[in-house]
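Trainee: In order, the protein sequence lines correspond to chains F and P.
The first sequence lines up with residues 190 to 756 when you count with this note's numbering.
The second sequence lines up with residues 190 to 756 when you count with this note's numbering.
For the record, the hints were derived by calculation from the structure and aren't laboratory data.
One or more hints might be untrue.
Negatives, chain P to chain F, calculated, CB over 10 Å [said to hold, decoys possible]: (1) S332; (2) H338; (3) A407.
Distance condition first, Cα-Cα at most 30 Å in a straight line; then the derived DSSO-like pairs of lysine-lysine [claimed, not checked]: (4) K559(F) to K574(P); (5) K429(F) to K341(F); (6) K722(F) to K722(P); (7) K574(F) to K574(P); (8) K559(P) to K574(P).
Quick look at which bits of chain F chain P covers, simulated, 3 or more residues with Cβ under 8 Å [said to hold, decoys possible]: (9) 232-246; (10) 353-361; (11) 371-385; (12) 587-596.
The C-beta atom is built at its ideal place from N, Cα and C for all residues, glycine as well.
Here is how the chains run, residue by residue.
Protein chains: 2
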Amino acid sequence: MSLTIWRINLSSQKLSIEQPPDHWMKLGGRGLLAQIMVDETPATCEPLGPLNKLIFAPGLLVGHMLSSCDRISIGAKSPLTGGIKESNAGGSTGLLMALLGIKALIIEGQLVDPWWTMVLSVDGANFERADDIAGAGVSAAASNLLQRHGEKVGVSVIGPAGEMKLSAAGIQNLDKDKAPSRIAARGGLGAVMGSKGLKAIVFNSRGAIKPAVADINAFRDAQKRFTQSLLEQPQTKIYKEYGTAAMTRMCNSFGALPTRNFSAGTFEGVETISGEYLRQVIIDRGGDGKPSHACMAGCIIQCSNNYANSDGVSMVTPIEYETIGLMGSNLGIDSLDTIAILNSEVNDLGLDSIEIGAALGVAAEAGLLKFGDGEGALRLLNEIKAGTPLGRIIGNGAVSVGKMFGITRVPAVKGQAMSAYEPRAIKGTGVTYATSPQGADHTSGLTIRAKVNHLEPKGQADLSRAAQINMAGYDTLGACIFAGSGFAAAMDTIRDLLNARYGWNVDLDILQVLGKLSLNLERQFNINAGFTKQHDRLPEYMRYENLPPFNTVFDVTDEDLDNVFNW
Amino acid sequence: MSLTIWRINLSSQKLSIEQPPDHWMKLGGRGLLAQIMVDETPATCEPLGPLNKLIFAPGLLVGHMLSSCDRISIGAKSPLTGGIKESNAGGSTGLLMALLGIKALIIEGQLVDPWWTMVLSVDGANFERADDIAGAGVSAAASNLLQRHGEKVGVSVIGPAGEMKLSAAGIQNLDKDKAPSRIAARGGLGAVMGSKGLKAIVFNSRGAIKPAVADINAFRDAQKRFTQSLLEQPQTKIYKEYGTAAMTRMCNSFGALPTRNFSAGTFEGVETISGEYLRQVIIDRGGDGKPSHACMAGCIIQCSNNYANSDGVSMVTPIEYETIGLMGSNLGIDSLDTIAILNSEVNDLGLDSIEIGAALGVAAEAGLLKFGDGEGALRLLNEIKAGTPLGRIIGNGAVSVGKMFGITRVPAVKGQAMSAYEPRAIKGTGVTYATSPQGADHTSGLTIRAKVNHLEPKGQADLSRAAQINMAGYDTLGACIFAGSGFAAAMDTIRDLLNARYGWNVDLDILQVLGKLSLNLERQFNINAGFTKQHDRLPEYMRYENLPPFNTVFDVTDEDLDNVFNW
Numbered sequence: 190m191s192l193t194i195w196r197i198n199l200s201s202q203k204l205s206i207e208q209p210p211d212h213w214m215k216l217g218g219r220g221l222l223a224q225i226m227v228d229e230t231p232a233t234c235e236p237l238g239p240l241n242k243l244i245f246a247p248g249l250l251v252g253h254m255l256s257s258c259d260r261i262s263i264g265a266k267s268p269l270t271g272g273i274k275e276s277n278a279g280g281s282t283g284l285l286m287a288l289l290g291i292k293a294l295i296i297e298g299q300l301v302d303p304w305w306t307m308v309l310s311v312d313g314a315n316f317e318r319a320d321d322i323a324g325a326g327v328s329a330a331a332s333n334l335l336q337r338h339g340e341k342v343g344v345s346v347i348g349p350a351g352e353m354k355l356s357a358a359g360i361q362n363l364d365k366d367k368a369p370s371r372i373a374a375r376g377g378l379g380a381v382m383g384s385k386g387l388k389a390i391v392f393n394s395r396g397a398i399k400p401a402v403a404d405i406n407a408f409r410d411a412q413k414r415f416t417q418s419l420l421e422q423p424q425t426k427i428y429k430e431y432g433t434a435a436m437t438r439m440c441n442s443f444g445a446l447p448t449r450n451f452s453a454g455t456f457e458g459v460e461t462i463s464g465e466y467l468r469q470v471i472i473d474r475g476g477d478g479k480p481s482h483a484c485m486a487g488c489i490i491q492c493s494n495n496y497a498n499s500d501g502v503s504m505v506t507p508i509e510y511e512t513i514g515l516m517g518s519n520l521g522i523d524s525l526d527t528i529a530i531l532n533s534e535v536n537d538l539g540l541d542s543i544e545i546g547a548a549l550g551v552a553a554e555a556g557l558l559k560f561g562d563g564e565g566a567l568r569l570l571n572e573i574k575a576g577t578p579l580g581r582i583i584g585n586g587a588v589s590v591g592k593m594f595g596i597t598r599v600p601a602v603k604g605q606a607m608s609a610y611e612p613r614a615i616k617g618t619g620v621t622y623a624t625s626p627q628g629a630d631h632t633s634g635l636t637i638r639a640k641v642n643h644l645e646p647k648g649q650a651d652l653s654r655a656a657q658i659n660m661a662g663y664d665t666l667g668a669c670i671f672a673g674s675g676f677a678a679a680m681d682t683i684r685d686l687l688n689a690r691y692g693w694n695v696d697l698d699i700l701q702v703l704g705k706l707s708l709n710l711e712r713q714f715n716i717n718a719g720f721t722k723q724h725d726r727l728p729e730y731m732r733y734e735n736l737p738p739f740n741t742v743f744d745v746t747d748e749d750l751d752n753v754f755n756w
Numbered sequence: 190m191s192l193t194i195w196r197i198n199l200s201s202q203k204l205s206i207e208q209p210p211d212h213w214m215k216l217g218g219r220g221l222l223a224q225i226m227v228d229e230t231p232a233t234c235e236p237l238g239p240l241n242k243l244i245f246a247p248g249l250l251v252g253h254m255l256s257s258c259d260r261i262s263i264g265a266k267s268p269l270t271g272g273i274k275e276s277n278a279g280g281s282t283g284l285l286m287a288l289l290g291i292k293a294l295i296i297e298g299q300l301v302d303p304w305w306t307m308v309l310s311v312d313g314a315n316f317e318r319a320d321d322i323a324g325a326g327v328s329a330a331a332s333n334l335l336q337r338h339g340e341k342v343g344v345s346v347i348g349p350a351g352e353m354k355l356s357a358a359g360i361q362n363l364d365k366d367k368a369p370s371r372i373a374a375r376g377g378l379g380a381v382m383g384s385k386g387l388k389a390i391v392f393n394s395r396g397a398i399k400p401a402v403a404d405i406n407a408f409r410d411a412q413k414r415f416t417q418s419l420l421e422q423p424q425t426k427i428y429k430e431y432g433t434a435a436m437t438r439m440c441n442s443f444g445a446l447p448t449r450n451f452s453a454g455t456f457e458g459v460e461t462i463s464g465e466y467l468r469q470v471i472i473d474r475g476g477d478g479k480p481s482h483a484c485m486a487g488c489i490i491q492c493s494n495n496y497a498n499s500d501g502v503s504m505v506t507p508i509e510y511e512t513i514g515l516m517g518s519n520l521g522i523d524s525l526d527t528i529a530i531l532n533s534e535v536n537d538l539g540l541d542s543i544e545i546g547a548a549l550g551v552a553a554e555a556g557l558l559k560f561g562d563g564e565g566a567l568r569l570l571n572e573i574k575a576g577t578p579l580g581r582i583i584g585n586g587a588v589s590v591g592k593m594f595g596i597t598r599v600p601a602v603k604g605q606a607m608s609a610y611e612p613r614a615i616k617g618t619g620v621t622y623a624t625s626p627q628g629a630d631h632t633s634g635l636t637i638r639a640k641v642n643h644l645e646p647k648g649q650a651d652l653s654r655a656a657q658i659n660m661a662g663y664d665t666l667g668a669c670i671f672a673g674s675g676f677a678a679a680m681d682t683i684r685d686l687l688n689a690r691y692g693w694n695v696d697l698d699i700l701q702v703l704g705k706l707s708l709n710l711e712r713q714f715n716i717n718a719g720f721t722k723q724h725d726r727l728p729e730y731m732r733y734e735n736l737p738p739f740n741t742v743f744d745v746t747d748e749d750l751d752n753v754f755n756w
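Hey, can you work out the whole structure from these sequences and the hints?
Mentor: Laid out in structure tokens, this is it:
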């Protein structure tokens, strides 16, 4: 059995299983999403209308217990950016789709009379009423579905935010331990799922025959070499110990830690929200807390964590750097407990913590809460939960808050909020924010680990270009950003894994080939949707408002920005 | 003394008076705005930021008691559409600027510590604190300013909506009888003025020497012929009797009267909101009411009115067709008294009644009020006045309401709501809505009076092209849409008036020349701002959702839309 395309017509509740066309075969994950969208999704369609398609595609290497390589890419035309959106997540969704032999799941049309759960299994697609979990938080909904369908299934589910079609709503997925903590967060894909009337998708692989590997011996050999390489990288140890929160101190030292709605790059409370502090608190408190935890089966990095309260009871899994930056320093909050409460709340609502953290920062600038006021932030999250007008404004993201309250200091590009790297201080990442077809997004091409002067504008476009190509490549493989260091030191393992898995004959440059192809396709979709170079710009104020402590503006030239994709 | 450019730097509160460059000389009103914006305003600037410029420019024929030719064009980059915006209004602002010899007023930068009133006179620009009128409605603010500066001044003022920087906020101007009833309504120019910290501008022409007419005899002769032509047109009589409300029955008969959020084209309550009914009610009630009234000095059409309550006390001046369509049938409201209350309220808040009517229609679809519920609509207007989150959502327009509440049936193009001609039933106007650089707007090129089958898609692009060119030409002259019928029957009077006024030697095709130039400039600005043909489209649902009673969709081809500006 080879990998197939599962196409769902929601209006008729019918599944058709198709052989992928040749030019889809060589792609997976992010690249395959882009190809499908260019081929099929009307680029000018209304994101929440019946013509948009919601697509799930595991990366090319998903399903084989390769460390950190089981990521699921989810995509559609974004209600937040109006352009292409791919958002990927760890957890078990990718693995279960691979076990079912699904190369891509394409969801079309809209269900009548929401809400529904779609169950995918060897028996095809089955639709069940979801009335009992409609309105429920992600956690309760996932528990309900696991109870009904058994602990071995995968679940993708939206929270109240997705049901309300808020543009900051994501799609939550289960981690390997069944916690709904792996969100395809960015760009409002939860709203697209909501617009389709789907509360949840259950992936049940019972009885499935996993598609065969072309040369299993060669695959195992390459896998060993990749694992070895990954174990040798210093980052692997760093991320295992401190998780992504290792970035907190580093960003602060670069003057790039978003602070009080991106008005400063260092935060006086950095120590108590640092990765080092986080680890110590978790260890000291014991109980449910875990300083290190794998979100995907087989991951040796285990950058996730479980944060417990002072009684040792789990508050949230995981606390990540982006959430610390956006819901911590960006809001002037220096308490991990407060961040954990906010994080848990947005997770359960099914919201992107980056977008909501940025939205709350703009809200603070509008006087809706004070910086440092965790209770005020929680109160605003409760407005989202209650579906009030104010809650909807915040739940639609940073640009929405700015628009409604007449605030122009909004850290966003193409409608999407920046993540926790201040682009005036890490200018290569600023280039990525500006030019990525995905809108402002660090996972599209982070540059902070490059050994350059990040304040110098020259050369940043080259740095961003290389990072964007690599990341688009890894996202097409289904590889986590942290697997990248292992692959980078043993590039032949990518070639060997792909050739062994699919019987292909690709070269050493395959990561570049996949990355460039994916980016070209994404840019093509956006051009078809009406995007131009004028959309590849940072917010105006970042060009004239100095960022402390280095009092720097974003001064990479427009010409450099316009040449990022000329390779 | 020749006409000059008055350039205000708000940051320094300085005025500089400049000679216009040659290529500005031949333009006025809408065309001049477009030229100035292409020359000076960064097209990608943040509309509410310091780099946007707010520009006032009287049309070329303003200032000479020509009937219906004293219109003022106000423009800036629009916070509603993100593109160029020109919104013109009658009243006395244009006349007073002409008396002061101001060809264009260019307002740059932002004032520190709002709010301020700027007083323009022969002594230059003077800034006064506006603390006593900050937060005040348009009516009270205008009264205060007239009291302070004398009854002879002109006033442009924003209401609370502009102060809140809401995208549906306009700039109100006094009519010839000092009522602040002539709003440059569309596109959020009031928010731009608000972002600059300006509550009001006072135009005081005392002591000014009006710029001379090159050949006064030739001018008077052409004026006579134009007046005669205007008097001979049947529309002049119709609009005098019924005002713009004459369109109500006509649109309903074409199945083009927006009803219940553009879900139908005929309204069962049409009779009690018709122009005929309106006239009779005004006459029957007597008192302050006037079925006919001139907004500009010298106008012989006098399409305005004053609507009084059953005690004969004025409720609002005027009630126009667009308001009847958007706040009447579009909300399922069949009572002129209710419409008058809503109209009066939006006027005083300084809001565009078209945008707000459309926003309320979408709000009704979202369940925030019931169709037909006038009290519910008033309650929502009070939310705007109070500056609540819900009020801000509505005050930011129809697209904002749709976005916040997940509604996709939003009658808007380029972010701006449609006016009261349903484009599926008057397809030429649909072409105008789709392609006008101004966003959906009937004044950009209305086609309902053409003797064609308005349901037939073929040929509508040609019709719209001709109408758009004409209207851009008239808006450059400062001529009201209703002056057009008089000019159209005596085209030589435009040529003769311009040559006599300026000592020029233009030809009979001058209206076309001005119209095409203006449109080309506007399109250039929008291209510079990042607009593409993908933005020249009606909302998706209008292509597949049938409109009763003729069950028609918008089926003009994209190719036709893309060729509108190929002349």
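Trainee: Checked against the structure, which of the hints given earlier come out wrong?
Mentor: Every hint satisfied by this model.
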